[in-house]
Every structure is written in C-alpha cells, then in structure tokens.
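Fit chain B to the known structure of chain A by using the hints.
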Amino acid sequence: MKLGRVVGKLWATAKDKKLNGLKLYLMQPVDESDRPLGSELVAVDTVGSKEGDLVYWVGGAEATFPFQDRQIPSDVTIVGLVDRLDLAEDRPA
Amino acid sequence: MELARVEGTVVATAKAGRLQGRKLLLVNLTGPDTKPTNNYLVAVDSVGAGEGEIVIVVRGSSARQTDDLTNVPTDSSIVAIVDTIELRGGTVYRKDQAKEGGAR
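Protein sequences appear in the order of chains A and B. Reminder that position 54 of the first sequence reads as 71 in the working numbering, one-by-one numbering, no gaps. Reminder that position 23 of the second sequence reads as 36 in the working numbering, one-by-one numbering, no gaps.
Chain A with its partners taken away, still in its complex shape (with noise of 0.2 Å):
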C-alpha cells in the first residue's frame, strides 16, 4: 500500500453500476513527509474519507477487492485512514 492525501471529490451519474453508491476522491499519492509523488489518481473510497484525510491506497488488481462480496472495476482503491504515523529519528533523508 501506499500513502496518499485526499485533494479533491468527482461526481459521476453515468457511470458502472459496481461503482453505485461509491465515493470518488481526487487522491494526491505522497511520501513520508507529506510530499507529492506524481500526479493526482481518481480513487474509489472504502473507509469514510474525507477531503484533507491523510490514507493508504492500493493501485493495480488488489484495488478490485475492498469488497468481500463482489469485486469493482477500480485500479486505486482507499483502503485505511491513517490515523498516526511515527517515523523513526534515525531514518535516511
């Protein structure tokens, strides 16, 4: 998984029927210190999130399967908030 900042929303009527009833987050993916990495994803949100929320997200197939009992058509799914990070002193820069 990796780390992510939730920037923005989308709202979509036309859209899979798998992704009824899901929230579609602009999800800024970031480093350890908050920094972006590339470019803003269009993410599925699983766990409540909201705008400013600091997540975890899993990209590629793993983001079909937030669900146990189906599977969406989702290649960046928001699977956890992140609710403290500690990072060790003595970490490389």
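Calculated directly from the structure, the hints in this document are not laboratory data. Hints are all accurate, no fakes.
Which stretches of chain B does chain A cover? Using the computed rule of at least three CB atoms under 8 Å from a CB of chain A, they are: (1) 54-63; (2) 66-72; (3) 86-97.
A virtual CB, placed ideally from N, CA and C, is assigned to each residue, including glycine.
Chain B alone, transformed into the frame defined by chain A:
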C-alpha cells in the same frame, strides 16, 4: 483511475472476437484541470461516453471488472462520465459549463 477527454472513435473491423460489438474510443489523458497531456489510449466504453466528455479510465486487469467486460481483452476501460471535479475546495470542472468539444 485517471481522467481523460474523449477525442474520437476508433473504428476497427478486424478485431479479437471478444471485442466484437464493443465501442472503442480514443481518449487523451488529463489532470484534474482537464487539460490534455497528449498521452492517448484506446479504451473500451462501458458507459456510453461521447466526444468531448471528461471520463474516468481504469487500467490494467481492473479494466475487466465491469459487469459487461468480464473476459474481454482490454486493459483500458471507461467506467464513468464526470459531471463535476472539485480540487482543494474549488470547482475546477463542470460538465454543464464546459464548451462543446473542449475543456474549460
């Protein structure tokens, strides 16, 4: 997923059997500002998207997870047509205000 602008239709008579009857669109990937990056993809449409619309494209094996694309040989599928994009508190795109055939 990524944002993209639909810029054309791909017509192909000779194609893999499981692609028969599928609408193929030429899309130009964009950022949240909907400005084209000139990275083009051929994507299978599963939502009835049309030229000029901003859409959401799913890539990789996830692109086969829509109801009607199981076992279809695609790695790029359009799964949604975007109405509104809000970035850092401001609305950066509204479909009903976008110019015909172009991003705002």
